[in-house]
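So the sequence shown is residues 0 to 130, counted in numbering that gives the first Met the number 0.
Derived from the structure by calculation, the hints contain no laboratory data.
Hints may be right or wrong, so weigh each one.
As the list claims (entries may be wrong) - Taking CB as the label site, the calculated pair distances span:
1. M78 x Q31: 19 to 27 Å
2. Q30 x R116: 56 to 64 Å
3. K112 x Q87: 40 to 48 Å
4. V114 x R35: 43 to 51 Å
5. Q14 x E53: 48 to 56 Å
6. D67 x E93: 16 to 24 Å
7. Q6 x M79: 16 to 24 Å
Even glycine gets a Cβ: it sits at the ideal position worked out from N, Cα and C.
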Amino acid sequence: MEDDDLQKIRQARLQQLQQEQGSSGGGQSDQQGAQREAEAEARKTMLSQILTPEANDRLGRIALVKADRARDLENRLIMMARSGQIRQRITDTELRGMLESVSGAEGKKEEGKVVFRRRGGGFDDDEDDWD
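Turn these sequences into a full structure, and let the hints guide you.
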């Protein structure tokens, strides 16, 4: 989970992608696509080192439903790992706890209050007399 290991993985994957696409002529968009793919592969590798298999599966299921929330959680996990806050692999229950804290913070932001303002007047009982 060190930065050196991550950098080595990125370099190896980038070289592999460049070799595979070397015969295609390689434009700038191909290079950017390869770089994005290499970064995605590095993220996946780092997350597999941080999370237990059960937690990784849960994160994958969350990504299917709410991709932005899963992306935020992935970024948070990677930052924690880089700063040394994670000493051991994160289990499924720990991941659920992180999700609850994140969703609790978002729920407080989104929680709104609906206020009905009734207009005064406008109702006249004299109109309803059918006599």
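We went through each hint and held it up to the structure:
| no. | hint | in the structure |
| --- | --- | --- |
| 1 | M78 x Q31: 19 to 27 Å | holds, 24 Å |
| 2 | Q30 x R116: 56 to 64 Å | holds, 58 Å |
| 3 | K112 x Q87: 40 to 48 Å | holds, 42 Å |
| 4 | V114 x R35: 43 to 51 Å | holds, 46 Å |
| 5 | Q14 x E53: 48 to 56 Å | violated, 33 Å |
| 6 | D67 x E93: 16 to 24 Å | holds, 21 Å |
| 7 | Q6 x M79: 16 to 24 Å | holds, 18 Å |
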